[in-house]
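Student: Build out the structure end to end from the sequences listed, making use of the hints.
Protein chains: 2
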Amino acid sequence: MAEILRLRKPYLLFVGDADNPLDAKTSSGIAHWRPDDCLAQLRLRPDGADLGLPDMGIASAAKAGAKTFVIGIAPVGGGLPDDWIAICVEALEAGMDIAAGLHTRISEIPQVAEAAARTGRTVHDLREPPANLPCGTGKRRSGRRILTVGTDCAVGKMYSALALHRELVARGLDADFRATGQTGIFIEGSGIAIDAVVSDFLAGAVEVLSPSSDPDHWDVIEGQGSLYHPAYAGVSLGLLHGAQADFLVLCHELGRTLIDGDYPEYPIVDLREVADLNLAHARRTNPKAKLLGLSVNSSRLDPEAAAAEMARIEERLGVPVVDPVRDGSARLADRLDK
Amino acid sequence: MAEILRLRKPYLLFVGDADNPLDAKTSSGIAHWRPDDCLAQLRLRPDGADLGLPDMGIASAAKAGAKTFVIGIAPVGGGLPDDWIAICVEALEAGMDIAAGLHTRISEIPQVAEAAARTGRTVHDLREPPANLPCGTGKRRSGRRILTVGTDCAVGKMYSALALHRELVARGLDADFRATGQTGIFIEGSGIAIDAVVSDFLAGAVEVLSPSSDPDHWDVIEGQGSLYHPAYAGVSLGLLHGAQADFLVLCHELGRTLIDGDYPEYPIVDLREVADLNLAHARRTNPKAKLLGLSVNSSRLDPEAAAAEMARIEERLGVPVVDPVRDGSARLADRLDK
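Residue numbers (numbering that gives the first Met the number 0), protein chains in the order written: chain A, 0 to 337; chain B, 0 to 337.
Worth flagging that the hints you see were computed from the coordinates, not collected in a lab.
Quick caveat, the model's predicted, so the values are computed rather than measured.
Take these hints with a grain of salt, some might be off.
With a straight-line cut-off of 20 angstroms between C-alpha atoms, the simulated EDC-like cross-links for lysine to aspartate or glutamate are [as the list claims (entries may be wrong)]:
| no. | chain 1 | residue 1 | chain 2 | residue 2 |
| --- | --- | --- | --- | --- |
| 1 | A | 289 | A | 272 |
| 2 | B | 138 | A | 264 |
| 3 | A | 138 | B | 264 |
Tutor: So this is what it looks like as structure tokens:
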């Protein structure tokens, strides 16, 4: 049976040489969403990006109880600098695990591998899916599930899922956030990097990630890509089938007109059409799937223009449209009883 | 740049202990579709399954010019028997490559690995996709492409693509068959096992498999799975986006009512609906994509009932419906000028 990665908490967050929080956005995200899981930060430069956590070195963080050294930032250039390697070895020797999602596999650096073997600690590569994933079965499972889907990559599917999960927990509901991308896995401390899964096992991986649960339990599953993305749509469809979602939340960036990146031939598709196609696929494995609402990033627009645009979409699609950053996700959660 | 596997021909086909052609169906398929590439067969039992090829041992086949020893059959039970390993070593020593697609990786068996290193020959694992596959770009490319899609797995997508490719070649058209599964790769001697590709690179792999070509060149691409298959739909969507097909051929088994295998909750979907959804996705990367026709397996029905059912479908969908085994694919090829 496939075993899903689980990171031990709390974390010591590595900030490296980053001098602004944007360069350290994975670490910033962890500190934002799971402040209680973040014991301290380790900065290589005293004036580096500040996540608002206490500064600690390896030894003092370990003594204070840090269980995993989190490398959520890539080194400038390619390979891992020597001082980073030395810090990794020190973290392992101090009794911490390491979690990283770099292109260079830290676990394959000889000094790090040797230290991990010697100390019995684990080096987690967040891009590595679990072994022995099964193919999807499509068998209906108990529990309730919400999946975020999108008009494109990078429109807020992770943020929207985390915000809605937080809202459910605040309402006293039993809910889990199910991470499918690297940053989400760091935040939750668990999950599967779904785009790294071999295609045959896509839907099966989602079934494993979000298994049968109590009838009143909610899984809020982080979506990836878009059915309309010329590179990544297969991943999105595997998620739709594997999730058996009761509700979809459609994520979108207001004002975006083209698929992000080098895709000038690919316009963002009409929201109604995107919702309908996602629902059609979702209903293959859960005939009751419904659109819960839209969760948009309205930051390109001033608040008034955003409100007007969101009201227009709401009128047209007949479901709530929220910007979770500006408005929270309460209006989506309100509809879950229905 | 990703390099696609290419097998050297002609082949010596290994039949192992199989005593009926169904057990040796991969080898039978190779001999059926590419007789000129099959120099001989090697049977462990003189009364074993007969592919209609000359019987030869390793030494005589090598002397006669065989370039690749093809293991298209799995041993009964789990691991590779000792006599198979000895034959593999002998094939390498005789100057042949080996091509296999077993669950056991032949290239990882120590005696085989040692012999390959010593002789400088290659052991191909057909389930292994090329390294360094790119993500999809969605950029429109030249040349013309046909993709087979299906209502389910195992409805004849490979057979239909091979039959249509043969018809195009017979008409003097410049055409390639692009294999995406193991048997297809054996037959063509080239291809990518698309379901073994990491999800992120699905569409990119298809772009690599079927690159830009002369405007009059046809690629006939073997489809996989089905948009409606609860386990494998992601693979099918990656193929649809990556292929940029000008024409889809919808494959179906007449009389099948449920998704094959352990999927009792999943009916085969109405053909019109299947065609429309496949076209909708195909048009994302090629707005001119059209349904060329249907290619069905009518073997469950007697010829009269089959003809009646095919006429009904043809009437309803407005495109030709052929059974390539019974009727050939000429009526599909006829429509390519249009």
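Student: Evaluate each hint against the coordinates.
Tutor: Quick rundown of the hints versus the structure:
no., hint, in the structure
1, 289/A <-> 272/A, "14 angstroms, holds"
2, 138/B <-> 264/A, "8 angstroms, holds"
3, 138/A <-> 264/B, "8 angstroms, holds"
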